[in-house]
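All chains, please: the whole structure from these sequences, using the hints.
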Amino acid sequence: MPIGRRQFLALSLVATGFGKARAAEPFWAEVQSGKAIVLLRHAEAPGSGDPPNFSLGDCSTQRNLSEEGRAQSRAIGDLFRANGIASAAVYSSQWCRCLDTARLLGLGEVVPLDLLNSFFGDSSAEPARSAALLDWLREQRFEGPAIFVTHQVNISGLTGEVPDRGEMIVARVHADRPVEVIGRVPAPF
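Counting in the working numbering, the sequence shown runs from 1 upward without gaps.
Everything labelled a hint here was simulated from the structure, so no lab data went into it.
Treat the hints with care, as some may be off.
As the list claims (entries may be wrong) - Derived DEER-like restraints, expressed as beta-carbon distance ranges:
(1) Val111 / Ser33: 33 to 41 angstroms
(2) Ser123 / Gln32: 34 to 42 angstroms
(3) Gln140 / Val162: 21 to 29 angstroms
C-beta atoms are modelled at their ideal positions from N, C-alpha and C, and glycine is treated no differently.
Structure representation (structure tokens):
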């Protein structure tokens with residue numbers, strides 16, 4: 001089966017050292033040690049929101065990853081490995097596009113976490129949902145890398161940043177002040 005232009009570009013970026021170009025970023029050591037977390041917006045999934053009457057338990061009713069999104073997810077996993085992270089605690093929203101992104105990273109068992117579920121259709125839920133996630137994060141002690149695969153609205157509510165699909169926001173969680181963004185890693189393609 002021939003590969004498309006975007007898949008060729010993705011494979012070329014990985015093969016030519018895309019990950020190595022990012023290896024010098026100072027925040028990778030903090031991610032490795034668990035001092036910083038990675039908030040990852042799910043990979044490319046065409047469209048916006050979900051169809052009416054979608055069901056979390058039925059991927060056929062949701063917006064899902066495209067082939068580009070699947071390749072993008074694998075390339076993100078390669079980026080972690082290129083930066084010395086071969087395994088991580090991986091948490092994901094229960095939406096299929098997030099779970100698939102998380103699994104395709106190939107970095108470890110994926111733990112569904114309802115605190116990462118989207119509130120896209122209900123912006124009034126943002127303050128309470130962001131506060132609940134922040135409280136949960138403050139209670140955790142990560143001994144190594146921790147990755148949270150979620151949605152743009154969740155990341156924006158927690159950090160004020162608006163990530164693209166497949167983009168990572170690297171952040172420190174403090175006990176007594178807001179989340180501190182220490183880096184951004186754009187999607188590989």
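These are the hints, each one checked on the structure:
1. Distance hint check: the CB atoms of Val111 and Ser33 are about 20 angstroms apart, inconsistent with the given range 33 to 41 angstroms.
2. Between Ser123 and Gln32 the Cβ separation comes to about 35 angstroms, which falls inside the hinted range of 34 to 42 angstroms.
3. The hinted range of 21 to 29 angstroms is satisfied by Gln140 and Val162, whose Cβ atoms lie roughly 25 angstroms apart.
Against the hints set out earlier in the document, a violation occurs for number 1 only.
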